[in-house]
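Protein sequences appear in the order of chains A, B and C. Okay, so the first sequence: first residue is 1 according to the working numbering, each after it adds one. Okay, so the second sequence: first residue is 1 according to the working numbering, each after it adds one. Okay, so the third sequence: first residue is 1 according to the working numbering, each after it adds one.
Treat the hints as calculated values from the structure; they're not laboratory data. Yeah, the Cβ is synthetic: ideal placement off N, Cα and C, and Gly gets one too. Just to be clear, a hint being listed does not mean it is correct.
[To be verified] Computed list of lysine to any residue pairs in SDA-like fashion (alpha-carbon distance at most 25 angstroms, straight line):
1) A:LYS24 to C:ALA7
2) A:LYS78 to B:VAL130
3) C:LYS52 to C:PHE231
4) C:LYS52 to B:THR124
5) A:LYS78 to B:LEU131
6) A:LYS24 to C:LYS52
7) A:LYS24 to B:THR124
8) A:LYS78 to C:LEU5
9) A:LYS24 to C:VAL12
10) A:LYS24 to B:ASP121
11) C:LYS52 to B:GLU126
12) C:LYS52 to C:ILE183
[As the list claims (entries may be wrong)] Over the 12 angstroms line for every Cβ pair with chain A, so calculated as not near, a few chain B residues:
13) ASN14
14) ASN90
15) GLU126
16) GLU129
17) LEU137
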Amino acid sequence: MIVPFDILILIFLVVAAVISLCVKDLLAATMVFGAYGFLICLLWATMGAVDVAFTEATVGAGVSTVLFVATILNTRRKSTD
Amino acid sequence: MTSSFHDWIVPHFNAWVYVIIMMTGLWAVIAKNNLIKKLIGLSLFQTSILLLYVSLGVKEGAGIPIIDHEAAALAMSGSDDALNPDRFANPLPHVLMLTAIVVGVATLGVALALCQTIYRDFGTLEEDEVLEQMKTLHDDV
Amino acid sequence: MNAKLSATFAVVFTGAVLLYAVSDFPDFGDPRSPANHGVSGGAPSASVYYIKNAYHDTSVPNLVTAILADYRGYDTLFETVVIFTAGMAIFAILRVLRRDDSGIPAAPDPAIDGDHHRIVVGVTCRIAVPLVQIFALYVVAHGHHSPGGGFQGGVMLGASFILIALSTSLRHALGRLSETSFIRLACLGILIYAGFAFLPLVVGRNFLDYGALRALFGTDGEEMARSHGIFVVEIGIALTVTSVMFAIFANLSSRGRLHGGL
Numbered sequence: 001m002i003v004p005f006d007i008l009i010l011i012f013l014v015v016a017a018v019i020s021l022c023v024k025d026l027l028a029a030t031m032v033f034g035a036y037g038f039l040i041c042l043l044w045a046t047m048g049a050v051d052v053a054f055t056e057a058t059v060g061a062g063v064s065t066v067l068f069v070a071t072i073l074n075t076r077r078k079s080t081d
Numbered sequence: 001m002t003s004s005f006h007d008w009i010v011p012h013f014n015a016w017v018y019v020i021i022m023m024t025g026l027w028a029v030i031a032k033n034n035l036i037k038k039l040i041g042l043s044l045f046q047t048s049i050l051l052l053y054v055s056l057g058v059k060e061g062a063g064i065p066i067i068d069h070e071a072a073a074l075a076m077s078g079s080d081d082a083l084n085p086d087r088f089a090n091p092l093p094h095v096l097m098l099t100a101i102v103v104g105v106a107t108l109g110v111a112l113a114l115c116q117t118i119y120r121d122f123g124t125l126e127e128d129e130v131l132e133q134m135k136t137l138h139d140d141v
Numbered sequence: 001m002n003a004k005l006s007a008t009f010a011v012v013f014t015g016a017v018l019l020y021a022v023s024d025f026p027d028f029g030d031p032r033s034p035a036n037h038g039v040s041g042g043a044p045s046a047s048v049y050y051i052k053n054a055y056h057d058t059s060v061p062n063l064v065t066a067i068l069a070d071y072r073g074y075d076t077l078f079e080t081v082v083i084f085t086a087g088m089a090i091f092a093i094l095r096v097l098r099r100d101d102s103g104i105p106a107a108p109d110p111a112i113d114g115d116h117h118r119i120v121v122g123v124t125c126r127i128a129v130p131l132v133q134i135f136a137l138y139v140v141a142h143g144h145h146s147p148g149g150g151f152q153g154g155v156m157l158g159a160s161f162i163l164i165a166l167s168t169s170l171r172h173a174l175g176r177l178s179e180t181s182f183i184r185l186a187c188l189g190i191l192i193y194a195g196f197a198f199l200p201l202v203v204g205r206n207f208l209d210y211g212a213l214r215a216l217f218g219t220d221g222e223e224m225a226r227s228h229g230i231f232v233v234e235i236g237i238a239l240t241v242t243s244v245m246f247a248i249f250a251n252l253s254s255r256g257r258l259h260g261g262l
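Same shape as in the complex, but just chain A (with noise of 0.2 angstroms):
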């Protein structure tokens, strides 16, 4: 039952990471990488990489998240593409 979680989970990042890049609006943007982020955590506790999914936990999904926030907020929050 693990293989079609894995594909599950690779589609599901391969459309977080085009939404990220789409989105006009650069806070939801950044969002949507904060939940690639979480997928890849995923990935990798499939893979038996328990190590690299914790760090990836508190790091893209958490850290990484709050400092695209903080210079969004400190900068302009929309963008032209």
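Put chains B and C on the given structure of chain A with help from the hints.
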């Protein structure tokens, strides 16, 4: 068609997805106009490489790379089979990628700091507007 | 538009080359692939040695921690230095040391003005932060036996200070961990790691060879000395990572002024 699909794509389905994500990130770095979007593209590029490395260490039927107490006790009593490499996932890519993730977020912070400096000096994060202003500045001098 | 078209062309071409090369990869999850097992007829992969010997050498059941802090100690030492350098680079780029607050009005301090919209968030985070910090310390200390270690625990500890800054104000968070103290802690982390790596040189052994410190730790065998050495090193990593994560957030959220905040 079906046979080539099975022979070519199915065994490497995950690698195909990593290449797609990597190329999405590369496209964003080249073609996107907003600097924050470029940074998101760079992060996508980075994660695709991390995914590739970790996926190289996966073994069919192996567990996580932590020795359970039972196997540890067997290994200390001299059993050679308790630490059979087929039972544990390859820990080496995990180590390399774990540090790369944390270094990645620190360098992302540097990039975001540069973005804030650009916004302070030019009042925009759009690449074409920044280039336009730099050109007029250069012409004035 | 022209740039986008040429970018698409370049990306499709590169992607096609990479996809062609991917067909030469070993199958996903193959235990006999070169990375997992070694080339047939050649030497076995380094990971085979690590799996077979890491527990005997260090008595650390978590192979990732054992390799991270012992076999690949040099690598981790300089990765930590890279993180430290990134934190200092952000200070160099963004930090404003002048005291003129022209243009940007200082954000009202909710601790003084009583921002009623933040009561639920503030109280929840006040309960959550100590739990996060205790769990982060557990992650640092229990990295030998479970997933975790200096990097993960350090990021979590830094995130708990970021949570204080987000739920109350940056000034409040800086009251808990001031600028001078987090810079000192970042330096102290590197000092602990590098200084501890130098200690074996005193007794005539190699750099980072913690097994030589058996007398210092008072353990029976060298493998337990290595286990304790890994713990000391993880504490150094955690200190640096914690302070650099909080330093990055504090500078980014306040545009280098370290007051006001989001």
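Hints versus structure:
| no. | hint | result |
| --- | --- | --- |
| 1 | A:LYS24 to C:ALA7 | 20 angstroms, holds |
| 2 | A:LYS78 to B:VAL130 | 16 angstroms, holds |
| 3 | C:LYS52 to C:PHE231 | 22 angstroms, holds |
| 4 | C:LYS52 to B:THR124 | 56 angstroms, violated |
| 5 | A:LYS78 to B:LEU131 | 19 angstroms, holds |
| 6 | A:LYS24 to C:LYS52 | 51 angstroms, violated |
| 7 | A:LYS24 to B:THR124 | 15 angstroms, holds |
| 8 | A:LYS78 to C:LEU5 | 24 angstroms, holds |
| 9 | A:LYS24 to C:VAL12 | 24 angstroms, holds |
| 10 | A:LYS24 to B:ASP121 | 23 angstroms, holds |
| 11 | C:LYS52 to B:GLU126 | 53 angstroms, violated |
| 12 | C:LYS52 to C:ILE183 | 40 angstroms, violated |
| 13 | ASN14 | 6 angstroms, violated |
| 14 | ASN90 | 9 angstroms, violated |
| 15 | GLU126 | 6 angstroms, violated |
| 16 | GLU129 | 9 angstroms, violated |
| 17 | LEU137 | 20 angstroms, holds |
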